[in-house]
Structures are given as C-alpha cells and as structure tokens.
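Asks: What follows is each chain in one-letter form.
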Amino acid sequence: MAGLTHTIEVPGARRLELQGVLCTLVLALVALVVVFPLVLVAVQSFQVAPPGQPVRYGLDGWRAALGEPGLRTALVNTFNVTFVRQLLSLPLAVFLAWLLARTDLPGRHWLEFAFWAAFFLPPFTVTLSWILLLDPEYGLLNTWLAGLVGARPFNIYSFWGIVWVHVITGSLTVKVILLTPAFRNMNASFEEASRVAGAGGLRTALRITVPVMAPAILSVLLLGTMVSLQTFEVEQVLGLPFRFFVFSTTIYDLLVTRVPRYDAATALAVLVLAAMLPLVLAQQWLTRGRRYTTITGQFQSRLHRLGAWRLPALCLAVAFVVIVLGVPVVLALLGTFMKLFGFFQIADPWTLANWSNVLGDETFLRSLRNTVVLATGTAVATIVVHSLIAYIVVRTRYAGRQLLDVISWLPFTVPGIILGLALLWLFLGVGFLRPLYGTTALLVIAGVIAGMPLGVQIIKSGLGQLGGELEEASRIAGASWWATYRHIVLRLMAPTLLAVGMITFVGAARNIGNFALLTTTANRPLSMLQLDYVAQRKLEEAVVVACVIMFVSLGGALLARLLGLRSGSLG
Amino acid sequence: MGAEPGTTETVLSLDRVTKLFGTARAVDSVSLSIRRGEVFTLLGPSGCGKTTTLRLVAGLEHPDEGEITLRDRVVASAPRRLFLAPNRRNLGMVFQSYAVWPHMTVFENVAYPLRLRGTTRSAVREKVGRILDLVGLGGLADRPGTLLSGGQMQRLALCRALVYEPDLLLLDEPFSNLDAKLREQMRAEVKLLQRRLGITVLFVTHDQVEALSLSDRIAVMHGGRIEQVGSPRCLYEEPASAFVRDFLGQTVILQGRVGPASGEASRVAVELNGSLSGRTLSGRLAASVALEAGAAAHLSIRPEDIEVCPLGSPASQANQLPAMIDALAFVGDRYEARVSLGEHRIVLFLPRAREWREGEPLQLGFPPEMVSVWPA
Chain A
5 MAGLTHTIEV
15 PGARRLELQG
25 VLCTLVLALV
35 ALVVVFPLVL
45 VAVQSFQVAP
55 PGQPVRYGLD
65 GWRAALGEPG
75 LRTALVNTFN
85 VTFVRQLLSL
95 PLAVFLAWLL
105 ARTDLPGRHW
115 LEFAFWAAFF
125 LPPFTVTLSW
135 ILLLDPEYGL
145 LNTWLAGLVG
155 ARPFNIYSFW
165 GIVWVHVITG
175 SLTVKVILLT
185 PAFRNMNASF
195 EEASRVAGAG
205 GLRTALRITV
215 PVMAPAILSV
225 LLLGTMVSLQ
235 TFEVEQVLGL
245 PFRFFVFSTT
255 IYDLLVTRVP
265 RYDAATALAV
275 LVLAAMLPLV
285 LAQQWLTRGR
295 RYTTITGQFQ
305 SRLHRLGAWR
315 LPALCLAVAF
325 VVIVLGVPVV
335 LALLGTFMKL
345 FGFFQIADPW
355 TLANWSNVLG
365 DETFLRSLRN
375 TVVLATGTAV
385 ATIVVHSLIA
395 YIVVRTRYAG
405 RQLLDVISWL
415 PFTVPGIILG
425 LALLWLFLGV
435 GFLRPLYGTT
445 ALLVIAGVIA
455 GMPLGVQIIK
465 SGLGQLGGEL
475 EEASRIAGAS
485 WWATYRHIVL
495 RLMAPTLLAV
505 GMITFVGAAR
515 NIGNFALLTT
525 TANRPLSMLQ
535 LDYVAQRKLE
545 EAVVVACVIM
555 FVSLGGALLA
565 RLLGLRSGSL
575 G
Chain B
19 MGAEPGTTET
29 VLSLDRVTKL
39 FGTARAVDSV
49 SLSIRRGEVF
59 TLLGPSGCGK
69 TTTLRLVAGL
79 EHPDEGEITL
89 RDRVVASAPR
99 RLFLAPNRRN
109 LGMVFQSYAV
119 WPHMTVFENV
129 AYPLRLRGTT
139 RSAVREKVGR
149 ILDLVGLGGL
159 ADRPGTLLSG
169 GQMQRLALCR
179 ALVYEPDLLL
189 LDEPFSNLDA
199 KLREQMRAEV
209 KLLQRRLGIT
219 VLFVTHDQVE
229 ALSLSDRIAV
239 MHGGRIEQVG
249 SPRCLYEEPA
259 SAFVRDFLGQ
269 TVILQGRVGP
279 ASGEASRVAV
289 ELNGSLSGRT
299 LSGRLAASVA
309 LEAGAAAHLS
319 IRPEDIEVCP
329 LGSPASQANQ
339 LPAMIDALAF
349 VGDRYEARVS
359 LGEHRIVLFL
369 PRAREWREGE
379 PLQLGFPPEM
389 VSVWPA
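Read top to bottom, the protein sequences are chains A and B.
Counting in our numbering, the first sequence runs from 5 upward without gaps.
Counting in our numbering, the second sequence runs from 19 upward without gaps.
What the hints contain is simulated information worked out from the structure, not anything from laboratory work.
Virtual Cβ for every residue (Gly too), placed ideally from N, Cα, C.
Each hint should be verified, as a subset may be incorrect.
[Stated by the list, open to error] If the Cβ cut is set under 8 Å, some of the chain A residues that face chain B in the computed set are:
1) E72
2) D108
3) S484
4) V493
5) R495
6) P499
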C-alpha cells in the first residue's frame, strides 16, 4: 500500500472554497427566484405607467388598492372567506383527529388513509362535482328536495357555497392529516391522570387533550391558513358568476384584461403579503424549540373506549369521508358521461362522446403533452434542487445555511397567484430571462418553487435520520464526495427522493394558482385548460380533464405513500 | 504491512493543531506523534476534544492552526492552506455507530473500499473472504449488514476498515454500544488482531479501563489540550497533573500543610487538617512540583495502596491513621467497605480471608512511597 501514497502536497484549500462557492451559488439562485421577484413586485406597485410607456413612479396603485370599492371589497371578501372556513373546519378537524388517533374507532387507519387521499384531490375537480349537487337550478340535491319539500334551498354560487367547497377541500383534510399524528404522539398519561381523577371521556378530551395540544392545533391552524391561500380556482369558478371577488381572482382579473393594471395588482399583492406576516411570525414562534414537547418515547397509548358511541362516531367519520372523498370522485366521474353537465332529468342523459371528443382534440393532446413534460421536468428538477438545498442545510457548515433554510420555506407563505405574479415580473423584467416567458421551463421553475417548502422539509428529515457517519465511513474508505453521494446518499435516500418527486409531479399536474399568470396558449397545461373550458362554459370537457388530473393525483399520492411517505414527515 | 521490530518510524504527527468551533478552542494546540505498530489512545471526558482530534486526523474536520503529517505527507496544514480529502489519506476508521451501510450485504460492505481502489474482482473475493474468516464472519457474507448483532457489526466495521491495509486505523469509541461482557471480549479480540497484523491504531475513548488495557501509550486530554502522554502504568503511577491523577482510577485525598523541611529532598511531611489535625503523614513530592514549608497541600494515595495494619502493633505508628468500618458489603471475591477516616469517607476492598464487622476500628497504613503530595 505504501507505494500508492502520494508524496506530493495537494492544495486542498481549493476544495474548501469550492464547496463554499457551490453553496453560495445555490443560495444566490434560490434567492433570485424566490426573494428577488417579491421585491420586484413591491417596487412595481409604485410604477404607475401603463405597459410599454416610460417608467413613472406614483401612488396610484396603492390608492386603488386601498380606495377603489372593488379592490377593497376583494380584501374584505378574502378575510371573510378565510376566517369563516377556518372557524368551521378547525373544530371539526380537531374532533376527527381525536377520533382517529385517540379512540377505538373501528377502521380508523382506513379512515385516516381516506382523508390522506382526499387531501390530494384537486380542488378544481371537487368544485365541479359539487356543482352537480348544489347548482341552484339543476343540482341533484336541490331537485330531490324540490320534489320532497318544494324548495331548492342550496346555491353553490354564493358565499356559503364557496366556503363549503373550501372547507371540504383544503381546510378540513389538511388539518386532519396534520393533527392526527400529533394527537397520536401525545403522552397518554395526561389523559389517564384525568380519567383516574374522575373525569369522563368527553370532559377529558375537552379539558385535557385539547389544551395540551393547543400549540399543535394553533400551529396547524396557521399552516392551514397559509395553505388555503395557495389556490384560487374555487373562487374563480364559483365566484365569477355572481361577481364575487377575492384578492387572488381580483389580481387575475386586473392582469388578464385588455389594459392590465399592474400597479393596482401588485399593490394588492403587497397588502396581502403584509397581512400574512403576523401569521408567519406566529407560526415560527410556536414551532421554535417545542416541536417535541408532547412526544415521549415509551408511553403505552391507551385508547379511549367509545362504547355506545362507537357506531354514531363511525357513521359521522364515514359521512365525512363520503363528503370529502366519495362524492367528489363519483360525481366527477358521472359528470364526464353526461350529455349536458348537471342535467340528470333530460331523456337519455348519458354519453361517451365527452371522452372521445376530448381525447381526440388537438388542444387537449397539446396540453397533455405540456403537462407530462411539465410534471416530469418539475419532479426531476425538484429532486435535484431540493435535495441539494436540504443537503446544504443539514450536512454542511456553510455560513448561509440557515438563511437558505428560511428562504426555502418562504414560498409556503406566499399565495399561489402572488408567486406567479412575482415570477411573471422576474421573467418579463430581467432581460436575459425574457426568452423563457411562454415556455414550459418557466412553469417548471414555478413548480419547483411552489413545491420547495414541502420537498426540502421531507428530504431534510430523511437526511436527519440517515446519520452522517454512513457518509463519513465511505469518505474514509476511499470514496470521493461524488462517489459517496452516488453510492451511499442517493441509494439510501432513493425512496424518499422518489416520494418527493411523486408528490411534486402531482402538484405540478394540478397546480393552477402558480401557473395562472404564466401560461400562454403555447405552454398551457391541462390544469389551465380545464379552467379555460369553464370560462367558455364547456363544462363537459372541463370535467373530463379534471378527472384525468384527479386520477394522476390519486395515483401519484398512492405511489408516494407506498414509497414510505407519511403525513408525520410533512409537519 | 507488519511491524518490523525495532523501527520507530513515525506514522502520524500533529504539530500544534487547533480547531475552533465559533470562539471555543475544541482542540487547542495539540502536538503528538504515533509510532508504527503502536496503539495510541486519546483519553478524556466528553467534550475534551479527543473525537475532534480524531476527526482532524481523518480529514473530516479542517484544522484552524497547525499541521498534520501522515507518514511523510503533510495532509493538512493551516499556514500553508493545504488539505487532503479523507478519501485520499488511506486511513481506516471504525465509527461509534459502526456505520454499516444498510443497503449492502456483509460482503459488499467490505468489498466497497477495494472496488473504489480498482481491485480486480477475483482479488476482491479473495481478500474479503480472508478477512471475514479472520474475525469469524465467513458464513455471513451474504447477509444484509443490518441483520447482524452488535458484536458482529463491530467486526464487520473492523474488516471494512482493515481490508485495504490502511496506514493507520482510527477507532472512535468502538466499544461504547456493546454490553459489558461483549465489550471485554471485543477488547481482547481487537488487541489480538492488532498484534497479529501489526496495525498502527489511534484509539479514542472516555473509558479508562479500555484505555489502560488496550494502549501502548495514552494521551490524556482535557479542555482541548493534552495533559500528559505516557504508558498506561506511567500515567497511573506518576500522573503529572491533578486532573490525570483524578481521572485515572480512584484516589483518596487528604488536606494539610507542609511541615518543616526534613533531611530528604523528595520526602515531605504534611500536618493534616480537620478532624485528623495533630497527625502527620509523609509522602513524596508529585512530579515537577515545589512546595514551601507551611504551604497548603493535598495528600493523594490510591485506595488499593492503603494497607490495613494489625491494631495496636507498637512498631507501626509511623504513617498510620485510625479509621472505622461504617458499612460492609460482601461482593463475592472480597469485601467492599465504606470506611470513615476522620471526616473523610473512603471505599476500601478488604480480603475475605478473615471476618470483618461493621463498627470495627482499623489502623490504616500509608506507605510513604505510595503517597504523593500536591499543592492545594
């Protein structure tokens, strides 16, 4: 062996600097596409000249955002919708999570899985299927009640219709899947002490379990609120018919017209971001250092016996699963076979023509191609970029790693349409990036950024479990950094990385909020095509596309779960 | 490889190596050199910088000051901005967690370093087979690495670190995850293997028994610095500092003041304080220590060096103190006695050759050559 040793001295300081340079490059790149666009948006809100004319700064945009009745109403509507849907979904989610995690509810693992699957249903698809039930004229539920009591009480094109669809899409399921593991990990001795002291099951749940879990519940509420602002398709579909606007649909409306009003749109975006700031700070403060306070290692979790309440509780839980998962899937499928979307009463309502029309349509095929390229590209780019970020944050001593960590989490707090707006600005405003506008590459970048908080978080926790010594052992055995990365890190992380790739694939395939402002007819993916079909009142075509996306979503989610992804690693 | 008798070739040397974590000096100007074929141990409490020193040698950390030389190559030098990556240092290392790669079999784990070195397929099979047989893992070659017991994983990690004949083997607390019995067995196995193959070993541990029994030389570390380097016996019998004295083995410490100078230069008489005042013990001055008459002093002795003298024997008054047995515990091969010596409580092992009683008075003898005197 002695003959192999080098007697030359190797300038290794270079390697040290190389790592630093690489880390700085990643940080700079991530900052460029995440932070810089938001700064551009803020600057743009003071630029009042119409597009194509010399730059002129002023306060017109802000005056509009704060003063124009339409824009002010949009902000008030946003607040109302957000507040009411959280108010309704939180107690329900806490109750369902408690049932799933702390009681002997029969089939609770299957029910939990059902909520997990429901979380991956595209909101757009869910919206369409509830239109079938709650349309004021022909909705199934309304026609049925009309025959029964002579009234059509429901109207999905209303404030409460929007709130309802929101509650059963994002708001409820995300809270249930985040809260259930938290409840499960709670130290059971708190509850047992209460039972021993003489309190009944319900009293214990209300007086002990919920207060003990208060930090987790509050944290999930804040996270849920941020997530809920990522989508805008619900308001876009249900709000437009009765001129009900929230901030996201207003921004879209201001920009996708003949004379775009960039100043007002960006000012509105800055206002919303500013309103998000307290939520972000509160969430960070809540999770700082107390993430594991309720978790103990060795407790024997004794489940609360429901007794006579077993059956009613089961019925309730199953009812919710039917509402959040069964109804949307079945009705959306039914909808694709209808000659006239929603009209069950006409003679011979069923047809296969919708599928054959859409599947043979050149527009559909082009969009399908775009979606496949977009989703695959996003998944691959995500695996590379997110694992690089996670690796730097977890494994290196790079000085800027905490900053990188925070920036990678930032997109979580930025509503989808605003992130799209910011990227639009980046790619229109920075000269050398302009050629990318209108390409699928631009959407891939948006998809990678949108998936960043979740993807980096999952890979970080996977790397954390890996243990650095496995890599160090490989280095010492004679493997270079790159060989170690290929033979050890990549091999051991493969299931995690594939799962992340899978859920970003799904995310990119169904994403509307981030893409709405970035698509042209050339790069339009399926998710935008269905929205365009709705705008043209071609609901039959829209629901076919929506079903295709739904199957992609559910299949991808299922694959990711088989690869070992659990909701516990999401929080 | 194989140690050639009589050679004193230096395999590793550290020259004033410092590692900072923030402003804390985790390793503070450490210099040492390891000779070919010896087991050199870094011993100290947790946080003393021993593991960081090992990682600096391995190339897993970059030194902030100083220079590290492996054989005749400088592998890391802060002033010259040199750093050789760990994969180019030809070292073997056994980690505390063993770091057995879970996606590889036993065979693949050991073959990995050989494959990286471009060894031919047949040579890999032959070398891996030989070393697995050597440690008794021959029959388990196709088993996944994670389906082994703790002792087997450790042997596997050892094979993986030795199969490519590294210049130096680094052991990072390799026994700490084993139960007591297995630990003893593995200690003996490693020592045999080391002697047989003539490997040079740098060993890190916080366990003094491990260090004393395995090492040719030990460096005791404290607060990032090396307190003393020497053979196990030398460290135990002639500690150069109070830290080394108290860290290795048990000590009984008595307080007092240095009495008037006697004839012998190295012999000091100390007048005891507290409930033992009025009595005098004499001992030798600890290494490189000077004490004036009247100065506060500590007397130190290993409990096993204290003699139990027959009561009331007239010739035995010099360097003796009265004591009493407070509590007795029979532990099989001997008695463990809690003994009060003035206000001190000490633990002595008493032979089971005779009966002892709780409350029994004792006369304890402190042989002057076993008593060392330290500044307070």
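Asks: Now tell me, hint by hint, if it's right for this structure.
Replies: So, going through the hints one by one against the coordinates:
1. E72: Violated: closest Cβ of chain B sits about 53 Å from E72 (chain A), beyond 8 Å.
2. D108: Hint on D108 (chain A): violated, closest Cβ of chain B at ~34 Å, above 8 Å.
3. S484: 5 Å, holds
4. V493: 11 Å, violated
5. R495: 5 Å, holds
6. P499: Cβ of P499 (chain A) sits 11 Å from chain B, so the hint is violated.
In this structure, the hints that do not hold are numbers 1, 2, 4, 6, in rising order.
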